[in-house]
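Position chain B against the provided structure of chain A, taking the given hints into account.
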Amino acid sequence: MQTTNANEEVNYLEYKGKYSGIWGWIFSTDHKRIGLLYLYSIAIMFVVGAFLGLAMKLELIAPGKTIMNAATYNATFTVHGVIMIFMIVIPGLPAVFGNFLMPIMIGAKDVAFPKLNLLSWWLYVAGVLLILTALLFGPGVPDTGWTFYAPYSFKTGTNLLPAIFGAFVLGFSSILTGLNFLVTIHRLRAPGMKWLKLPLFVWTLYGTAWIQLLATPVVGITLVLVSLERVFGIGVFDPVLGGDPVLYQHLFWIYSHPAVYIMILPAMGAISEIIPTFAQKGIFGYKALIISTMAIAFVGYLVWGHHMYTAGMSGTAQYYFSLLTFFVAIPSAIKVFNWISTMYKGSIKLDTPFYWAASFIFVFMIGGLTGLVLGALATNIYVHDTAFVVAHFHFIVFGGVGFSFFGAIHYWYPKIFGKMYDKYWANVGWIVFFIGFMTLYTPMFYLGMQGMPRRYYDYLEEFHGGNILSTFGSWIMITGLVIIITNLIRSARKGEKAGINPWGGKTLEWRVPSPPPLENWDEIPVIGEEESKYF
Amino acid sequence: MEQTKHVEHDHYDPEASKIGMWLFIFTELLLFGGLFIIYSVYRYLNPDAFHLAAEELDTFIGAVNTVILLVSSMTIAMSTTAIQKQNYRLTQWLLAITVILAFVFLVNKYFEWGAKFSHGIYPGSEHMLEAFSQGEILFFGLYFVMTGLHALHIVIGMVFIIWVMFYIKKRKVHHNRFALLENSGLYWHLVDAIWIFLFPLFYLIS
Chain A
1 MQTTNANEEV
11 NYLEYKGKYS
21 GIWGWIFSTD
31 HKRIGLLYLY
41 SIAIMFVVGA
51 FLGLAMKLEL
61 IAPGKTIMNA
71 ATYNATFTVH
81 GVIMIFMIVI
91 PGLPAVFGNF
101 LMPIMIGAKD
111 VAFPKLNLLS
121 WWLYVAGVLL
131 ILTALLFGPG
141 VPDTGWTFYA
151 PYSFKTGTNL
161 LPAIFGAFVL
171 GFSSILTGLN
181 FLVTIHRLRA
191 PGMKWLKLPL
201 FVWTLYGTAW
211 IQLLATPVVG
221 ITLVLVSLER
231 VFGIGVFDPV
241 LGGDPVLYQH
251 LFWIYSHPAV
261 YIMILPAMGA
271 ISEIIPTFAQ
281 KGIFGYKALI
291 ISTMAIAFVG
301 YLVWGHHMYT
311 AGMSGTAQYY
321 FSLLTFFVAI
331 PSAIKVFNWI
341 STMYKGSIKL
351 DTPFYWAASF
361 IFVFMIGGLT
371 GLVLGALATN
381 IYVHDTAFVV
391 AHFHFIVFGG
401 VGFSFFGAIH
411 YWYPKIFGKM
421 YDKYWANVGW
431 IVFFIGFMTL
441 YTPMFYLGMQ
451 GMPRRYYDYL
461 EEFHGGNILS
471 TFGSWIMITG
481 LVIIITNLIR
491 SARKGEKAGI
501 NPWGGKTLEW
511 RVPSPPPLEN
521 WDEIPVIGEE
531 ESKYF
Chain B
536 MEQTKHVEHD
546 HYDPEASKIG
556 MWLFIFTELL
566 LFGGLFIIYS
576 VYRYLNPDAF
586 HLAAEELDTF
596 IGAVNTVILL
606 VSSMTIAMST
616 TAIQKQNYRL
626 TQWLLAITVI
636 LAFVFLVNKY
646 FEWGAKFSHG
656 IYPGSEHMLE
666 AFSQGEILFF
676 GLYFVMTGLH
686 ALHIVIGMVF
696 IIWVMFYIKK
706 RKVHHNRFAL
716 LENSGLYWHL
726 VDAIWIFLFP
736 LFYLIS
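If you read the protein sequences in the order shown, they are chains A and B.
The first sequence begins at 1 in our numbering and counts up by one.
The second sequence begins at 536 in our numbering and counts up by one.
Simulated from the structure, these hints should not be mistaken for lab results.
Accuracy of the hints is not assured; some may be wrong.
One side only, chain B facing chain A, incomplete, derived with CB under 8 Å [said to hold, decoys possible]:
id, residue
1, Pro549
2, Glu550
3, Gly555
4, Leu570
5, Val576
In silico contact screen, one side only, chain B against chain A (beta carbon under 8 Å); selected entries [to be verified]:
id, residue
6, Ile554
7, Ile560
8, Leu566
9, Gly569
10, Pro658
11, Leu673
12, Leu677
13, Val680
14, Met681
All C-beta atoms, glycine included, are put in the ideal place defined by N, C-alpha and C.
For reference, chain A alone in the conformation it holds in the complex (with noise of 0.2 Å):
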C-alpha cells in the first residue's frame, strides 16, 4: 500500500467490515469490491466461452466431422454465444471498470445507490447459474444460436427456457447499472466537476447508460413473449396461429443493435483515457468526442434493420436502414481521427496499456470498414450469413471490446490492486494474443467472401486452407491469453508496489492512493476553472 500521509486510511481489499471472508466480498456495497466481483465473474465465463470458441476453431480444422457432430457443434455456438454477449461483453467494461472508477473519476465516494449495485451483481450471478442450468439439465443444451430466432425458438427440444430467463434476468442487472451509473452521475459530481469537464470514459458510460435502460426493456418483453409462446402458444411468433416470426426479429435488434454500442461505446471511452496519458498531451477534440458518443448512442437505435436485409423488408426500409447503418460510421470514425491526432505530436511513451490501444484502433478500423460493406445493401446480400459476418462481427466485439478491456486492465491494474504487473510478460503477452488474434480472423473474410457459410460444422473442401490458418490462429491466441492471465495473476500477489500515479494520468483516480481507501476520498475534491483543460 502507498504511504502517502500519516493519517493512513485503510485500503478497500484488507478492510474488515461487518462480514469477514469471502461474505465480506458478496454482502459489500463497496462500488470497488463490486467492481472486482464483476471482474472475477466475468473473467470465469470468458475462460468457459473461449474454451468453447476454441473447440469450434477444432472441430473446422478438417472438413466433415473432427470433434464433434452437427448437433454438437450447433450448441456450442449457441452457447459460446449467449456466454460472450450476455455474460461479458455488454456487462464487461461498464460493470468493471465503470463501477470501480467512475465514483472516483467524478470525486463521489460511491454510486447514488450503493445496495441496488450490488442487487446488480447478485442478478447477474442469478443469471449466469439460470443459463449453466439449461446448460446441464434438462432435455438438451440450447442450439438455436444467441439470437434466439423465431419459430425454432419455440419449436426446438432442447432446454431454451432457463437460457432465455437467464438472458433476461442479465438484462435487468444491466438496466439496473445503467440508471445507477445515470443517476450518480447526475448527482454525484464533485463540485466544479461540470457536465464538460468530465472524463470521456464517465461520458461513454453516460451514453450506454442510457442505451441500456431505453433499450433492454424491448428485448426482455420479446424473451418473455418467447418464453410465453414456448408454453402456452400465444401465437404472437407463430405463424401457424397467425403470428410473425419477422416481427420477431426486429424486435430483437431493436435491443441487440444497440446493445453493440453498450458493448463499444465504453470500450471507446477507456481509449479515451489511455491515449492522451501514453501521448502526454490532451485529448484532442474533447467535445467532438462526448458529441460522437452521443450521437451514435442515438443514431445506433434506428439502424437494426441492417442485420434482416434477406429476412424480407420493403426496399424503402432497406434503403432507410442501410443509410442510417453509413452514418453511424462517421461520429466512429470522427473518435479515430481523434484518438490518432492526440497522439500527433506528442510524446509517446510505449508502455502495455498504449500498445493495446493502438491495435485497438487498427483492429477497429477493420472491424468498422468490413461493417461497411455488411452495411451496403448489395454487398450484404452477398456476404449475408457467411464467414465474412463472423469475422467482422469478432473485430468489432472481440478486437474491440477485448482489446480495450485488456487495455484498460493494464492501465487500472496497478490502481485497482496497488501492484505492477510484470511489463515484459505483459508486452509478450500482447503481441502473442495479436498475432493469434490476426490470423484467427482475417482468413474468415476470406473464406466469407468466397462463400463459406457461418454456423456450420462442415465445409468443402476448397475452404481448407483457410480453415486451417484460422485454427492455427486461435491456438496462438490462446496462448497469448494464458501469458497475459498468468501475469496478471501471478503479479497480483508478487507485483511491485505500484505509485498513485505510476503512468502521469490526469484524471482524478490517479488522485487517490493505489489501492484506493475504503471511501475513496478524505474529502470530496473541489475542481477548479484552471482544471478545465484537462480532462
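Only chain B this time, still in chain A's reference frame:
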C-alpha cells in the same frame, strides 16, 4: 494499523431517488412499448378480426376497473400530502384504501379471465383453433399477455405500497423523508397510466 470506522452511506437525496424512479418508469414504458408495437402491427394487419374479437370483452367491467384505478391513484397522491402534514393515521388509511382498490381490480380481472376460460378462450385452446380466425387468436393472445403483465405490475405495486406502509409505521418514512412514498406513488401512477392505454385498445375500439 487502526481500522478507520466505516461510515454508513446514509446521505438522503430525494432528488436522486426520484430521478432513479423516473428512469425506471422509462424502462417500464419501453417494456410495454414493445407490446404496443406488436399490438399496432397486428391490428393493422387484421382490422376486422380485432374488431370482432374486441366485442367479446366486457366493456362494463373494464370501465369499472378504470374507475377503480383512477380513484386509487388519487388516494395514493393524497397520502403524499397527508404525510407532509404529519397526519400519519390518514396516510396509512389512504394507502390501505389504495391497496384494497388494487385488490378489487384483481378480483374483477379474475372473474373476467375466468369467464373467458369457461368459454374456451385461452392461449392454446382447441376451441380457439377451430372457431377463431388467426387475427382473433392474436387478439386474445395479446389480451392475455398485456393484461396479465399489467396485473403482475399491480401485484408488484401492492407489495411496494405495503412495504412503504410498514416503513411509515416504523417512522423510517416520515414528513421530512418521504421520497420512498412518493416513488411508490409514481410507480402506481405508471401502472394506472398503462391501464389507461390498455382499456381503449382492447375494450373500446371495436
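Minimum beta-carbon distance criterion (8 Å), Gly555/B to chain A: holds (5 Å)
Mind checking the CB of Ile560/B against every CB in chain A and telling me if the closest is under 8 Å? violated (10 Å)
Double-check Ile554/B for me: the hint is only fine if its C-beta lies closer than 8 Å to a C-beta in chain A. Status holds, d = 5 Å.
Given hint Pro658/B near chain A, where the shortest CB pair must fall under 8 Å: holds (4 Å)
Can we keep the Leu677/B interface hint, with Cβ of chain A closer than 8 Å? holds (7 Å)
Is the interface hint satisfied for Val680/B? The criterion is a beta-carbon contact with chain A at less than 8 Å. holds (6 Å)
With 8 Å as the cut and Cβ atoms as the points, is Met681/B at the interface with chain A? violated (10 Å)
Can the hint on Gly569/B be confirmed by a CB-to-CB distance to chain A that is less than 8 Å? holds (4 Å)
Hint Pro549/B vs chain A: min CB-CB distance below 8 Å? Not OK, violated: Pro549/B not within 8 Å of chain A, min 11 Å.
With a cut-off of 8 Å, does the beta carbon of Glu550/B approach a beta carbon of chain A closely enough for the hint to hold? holds (7 Å)
Would the stated hint for Val576/B survive a check requiring a Cβ distance to chain A of less than 8 Å? holds (6 Å)
Let me know if the C-beta of Leu570/B comes in closer than 8 Å to any C-beta of chain A, holds or violated. holds (6 Å)
In this structure, the earlier hints numbered 1, 7, 14 are contradicted, and the remaining ones agree with it.
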